[in-house]
Amino acid sequence: MTRIVIVGAAAAGLAATEELRRSGFDGAITLVGEEPHAPYDRPPLSKQALDGSWDAARLRLRSDSDLAVLNATFLSGRRAVAADAAHRTVTLDGGEELAYDGLVIATGVKPLRVDGDGLLTLRTLEDAERLRSRLQPGARVIIVGAGFLGTELAAAAATRGCKVTLLDSCNSLLARLGSPISRHVASLHAAHGVDVHSRVRVTHVDAAGAELADGEYLAADVVVACTGSVATTWWLEGSGIPLDDGVLCAADCSATPGIVAAGDVARWFNPAYGRLMRVEHRTNATQQGAHAARTLLAELDGGRGDAYFSVPYAWSHQFDTRIQLHGVVLDSDDTEIVAGSEADGSFIVAHREQDRLVGIIGVNAALRDLRPWQQQVYAEAALLTAPVG
Amino acid sequence: MTARIELDEPRCVASGLCVMVAPDVFDQRNDDGIAIVLSEEPADETLAGVREAVTLCPAAALRLVTV
Ligand SMILES: Cc1cc2nc3c(=O)[nH]c(=O)nc-3n(C[C@H](O)[C@H](O)[C@H](O)COP(=O)(O)OP(=O)(O)OC[C@H]3O[C@@H](n4cnc5c(N)ncnc54)[C@H](O)[C@@H]3O)c2cc1C
Numbered sequence: 001m002t003r004i005v006i007v008g009a010a011a012a013g014l015a016a017t018e019e020l021r022r023s024g025f026d027g028a029i030t031l032v033g034e035e036p037h038a039p040y041d042r043p044p045l046s047k048q049a050l051d052g053s054w055d056a057a058r059l060r061l062r063s064d065s066d067l068a069v070l071n072a073t074f075l076s077g078r079r080a081v082a083a084d085a086a087h088r089t090v091t092l093d094g095g096e097e098l099a100y101d102g103l104v105i106a107t108g109v110k111p112l113r114v115d116g117d118g119l120l121t122l123r124t125l126e127d128a129e130r131l132r133s134r135l136q137p138g139a140r141v142i143i144v145g146a147g148f149l150g151t152e153l154a155a156a157a158a159t160r161g162c163k164v165t166l167l168d169s170c171n172s173l174l175a176r177l178g179s180p181i182s183r184h185v186a187s188l189h190a191a192h193g194v195d196v197h198s199r200v201r202v203t204h205v206d207a208a209g210a211e212l213a214d215g216e217y218l219a220a221d222v223v224v225a226c227t228g229s230v231a232t233t234w235w236l237e238g239s240g241i242p243l244d245d246g247v248l249c250a251a252d253c254s255a256t257p258g259i260v261a262a263g264d265v266a267r268w269f270n271p272a273y274g275r276l277m278r279v280e281h282r283t284n285a286t287q288q289g290a291h292a293a294r295t296l297l298a299e300l301d302g303g304r305g306d307a308y309f310s311v312p313y314a315w316s317h318q319f320d321t322r323i324q325l326h327g328v329v330l331d332s333d334d335t336e337i338v339a340g341s342e343a344d345g346s347f348i349v350a351h352r353e354q355d356r357l358v359g360i361i362g363v364n365a366a367l368r369d370l371r372p373w374q375q376q377v378y379a380e381a382a383l384l385t386a387p388v389g
Numbered sequence: 001m002t003a004r005i006e007l008d009e010p011r012c013v014a015s016g017l018c019v020m021v022a023p024d025v026f027d028q029r030n031d032d033g034i035a036i037v038l039s040e041e042p043a044d045e046t047l048a049g050v051r052e053a054v055t056l057c058p059a060a061a062l063r064l065v066t067v
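Chains A and B supply the protein sequences, listed in that same order.
Per the numbering used here, the very first residue in the first sequence carries number 1; after that it's consecutive.
Per the numbering used here, the very first residue in the second sequence carries number 1; after that it's consecutive.
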């Protein structure tokens, strides 16, 4: 019987499992996940799980009965510690070896550790529960890093009545989204009482507070590092699988024969933009998980997978503001507000590269206004993909 | 046996993926893009698309249950 092993039991791993079965794969599937939980969702961890509106049960991606239908062996609370691409084995903690015909790598990312004792991070259910109990009204909270995670966390903490300070270095993600967005988000946070320190350098930080380069010291009850993440590939060192800021994949999401990768951990050649990309967004995790599963099945069948053509989509909710991103929107120096206005709190920003529309960001934008731009982003991406001649 | 779609609306994040893979079954609200189920008991020929939408939904907001 054909054996497929999937390492990482979250959004991407689950989507791969479902797609294998949906495509009629009737071999053995083993899903290995180091977290002692059924697959759960991460985006609500900085939103509904922090403001307390959702409990842990609500975070689950699938019910027990939906999981049972997949007829997969689910090894939860087990960690893969090594892989061997030549012999097609994965080694688990405890030394057990799993032999596979096909392997799906879906181990996501881990928070980048910052030097400093007692700093909290937010990636797992346990992180969210710990944070929620610490975010008491009146607590002084310092958040280092004003990317999506840091700004969403700041909004959740401020909403819970904490005194929030957001420390932002120059190259944070929201700054990378261009000035209309970073300006808008900064004023949104300021309006809700968040103390935003932009372009600061933190010289020392620990659980008691942060010291800035200009000598200022900020004391705190809770300090959270939201300073980015690293792909979880430590267990693949020496495996024979190509690694380069993630698992390096071809356009079809295959890494080496019999191995595909998907989700936050995968860096693949995206034909929609003609470049290597690693996308840390929730929608990509499911789409790529499903795609990688199809590629693996094609390969096991002696064929080849299709290219994974992807126009990334992400969203962020902060206070009452809804931000939606389609396409490539980082670090472009050609941004323009094409609809609405910052003053109204509802607008659309277009991102271009060499006059080509590559991405759009909607802030509280109505679908009817956003959709034509979204369609144009898709059309432009398809143009690049089309074979020349 | 009929299949019924359940949409857990507060989960929806307006990605529009369901509309993309099963346009006869789903739509989105104009103001905020939240999904709308056009036919709760989808016709057999649309079921493959609906199953794909259930897998792809980035908010796990869709279920297909047989009743
Ligand atoms: C707080 C938070 C909020 C977010 N909000 C948004 C949002 O609003 N919108 C958006 O688009 N995206 C958001 N994201 C990003 C989104 O959640 C990720 O893109 C998505 O979770 C990626 O899924 P994945 O399955 O690829 O990886 P992960 O979710 O990281 O899952 C990987 C799994 O593999 C397990 N694992 C790792 N190593 C091993 C090993 N060696 N052996 C066994 N198991 C292992 C991990 O424990 C984990 O369970 C958010 C992320 C976080 C943390």
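Fair warning: there could be bad hints in the mix.
Restricting the straight-line Cα-Cα distance to at most 25 Å, the calculated cross-link-like pairs of lysine to any residue (SDA-like) are [claimed, not checked]:
id, chain 1, residue 1, chain 2, residue 2
1, A, Lys47, B, Ile36
2, A, Lys47, B, Glu9
3, A, Lys47, B, Asn30
4, A, Lys163, A, Gln48
5, A, Lys47, B, Pro23
6, A, Lys47, B, Ala43
FYI, nobody ran anything at the bench for these hints, they're computed from the structure.
Original post:
Can you list which hints this structure breaks, lowest number first?
Top reply: Structure breaks hints 5, 6.
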